[in-house]
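**Q** Go ahead and model the full structure; you've got the sequences and the hints to work with.
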Amino acid sequence: MSDLVALAVAAPIVGSLVALVAGIARSKSGWPVAVVACAVQLVVAAQLAATAFTEGTIEYVVGGFEAPYGIELVVDGLTATMIVLIAVVSLGVLAYARRAGPRSNPFYAVYMLLVTGLTGMSVTADLFNMYVFLEITGLAAYALVASGDRGRSAVAALKYLLVGTVGASLFLLGVGYAYIDTGTLNMADLAVKLAENGYDATLTQAAFAFIVVGLFIKVAVFPLHTWQPDAYAGAPDTVSALISALVSTIAAYALLRVVYTVFGAGFVDANPLAHAILVGGAVVSIVAGSLLAISQSEVKRMLAYSSVAQFGLVVAAISIGNVTALMGAAVHLVGHAIMKGGLFLTAGLVATETGARRVEEFDGLVQRSPVGAGVFGVLAVAMVGIPPTIGFAGKWYIAVGAAEAGSWALLAVIVGSTLLTLAYFARLVERMFFREPSVDLEPAVERVDARADGGEGATGVSLGMQATVVAAAVLAVALGFAVFGYSDALQPTIEALLS
Amino acid sequence: MIDLLVTRDYYVAAFLLLGIGTYVMIAAGNFVKKVIGMNIFQTGIFLFFIASAYLDGGSPPVLTDIAPYVSPLPHVLILTAIVVGVALTAVALGMIVRIYAEYGTLTEDTLKEVRDSE
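Sequences listed follow chains A and B, in order. Residues 5 to 503 in the numbering used here are what the first sequence lists, from first letter to last. Residues 16 to 133 in the numbering used here are what the second sequence lists, from first letter to last.
To be clear, the hints were calculated from the coordinates, so they are not data collected in a lab. Check before you lean on any hint, since a few could be wrong.
As the list claims (entries may be wrong) - Computed footprint of chain B on chain A; a stretch qualifies when at least three of its residues, placed anywhere within it, have a C-beta under 8 Å from a C-beta of chain B: (1) 127 to 140; (2) 154 to 165; (3) 178 to 189.
Quick reminder that beta carbons are idealized off the backbone N, C-alpha and C, glycines included.
**A** As structure tokens, then:
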């Protein structure tokens, strides 16, 4: 029982190795291995979440080295939410990847490595350990983006790698400052010692600035987002969905964790500049991300810029920092992962079925791909934040949090962001449902590793692909109803985080 | 000011490397040079950690030696970070090989021209 936390990280690592080794004996054996590993991960995550929500925080010391000297793994309500999200999304995307590819064993090995890194970032309570998992996540994400067969993927991945490495390195530099300041790397221990040193110490302030800016790059906050649209648009559809749903989400979770567990609400209150960095990043992201999304003509790029704006909302919630707003951050992280992952998968499904990849090619889509258009419509509506969807619940909590804190300017931006989201999704919905198809397109199926596998004729849309996107749409609505029970369960965690 | 710089020369050197690395990453048009810039940038951070562990007159952290000891933990951390850096360089070079195979160029400007004309 007590080793379950370690198993949550170990299961995908083992899956990754088995997938790689099994590839030597038999090619295309990666998918079943990945499914088993993800299923184990889901069971473990569900068990951990059940324990964390009923019995309180789980703490696990790795290898018997007592905290604060050893690495500690901690699962509270927020962590539990994230690991369940990781397990559900990675399993869902696998159902889609069965037909859509890429199918090689190394792909699934890297896929599981990404899941490992994300899970590790969620459960760790040690700042340097978080850096290591951040880099594992990054490395796996760069390799996955490059797994597309076009040169565009490789260029996007190299750009992502260079920018992402700077982000992770700045994070490491910030960790170094905090370590020199206090002599410890354990988050809980750091919080105590940083408070003892006083919040106006230059070392503490520098550590905060480096860590936050480093994580801003990973979250893709404007203007540090430049890697993100290329990476999302250049990657294969399966990878776009997985990365857009999880990588920035867990980076934003790490930001929340570092700001409130390590530095604490007191630090942000005592340093107006620290607060200003967060608010500034949030506001600029929301406005610029939305405007850039409106100006895009490629659907996947538009969805990518939309993520910049949505993560602006999450950073806004972190900057507000009361119970309601942080609840909103957690809900919106989950909601955004489901909706954006679903939208990227649907975009891939539509492209496979009809060849439409650009906004103007979505004209009259409902006639050519009813499932794709229907799901895209539902998810777009959820993304805008129309009740009773999860998108509404997240934005509602963040907006109410802003009102409670008296941040009226921020509240105006948050409410305005809904209109901007409407602006770029409404034109797609209008084209899909109310226009006649004008262009003739051939289904351009992207066969990513057809040559490598000898290219059997498995083209078109599978039941698994359709089931996955429909499940995403159903979840986006159903979670909107589940949110009230969830917020009661999460309340103690957030209150403990802020105390 | 000068005194401060002279007594902190290790830190000054580390941050100069950070600056040089960033400059190379931005200014160099060649992808391989960009990766070299990334390595210089990371090396700056590694040296920063190592410099922070140094103690004037400290002995190696072996218990048979006499205290005070040099702090061993930053060395261990940086060993991990170096491994990460090597892995990153390997992945980056792999991508550069693919870009070269696809477009036949390693410079940013030529690549832009090739891609625009596609």
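**Q** Taking the hints in turn, state whether each one holds.
**A** Taking the hints in turn, this is what the structure says about them:
Under a criterion of three residues with beta carbons nearer than 8 Å to beta carbons of chain B, the stated coverage of the stretch 127 to 140 of chain A is upheld, 4 such residues being counted. A stretch counts as covered by a chain when three or more of its residues have a beta carbon under 8 Å from one of that chain; for the stretch 154 to 165 of chain A and chain B the count is 8, and the coverage holds. Judged by the Cβ-Cβ criterion of 8 Å, the stretch 178 to 189 of chain A is covered by chain B as claimed, because 3 of its residues qualify and three suffice.
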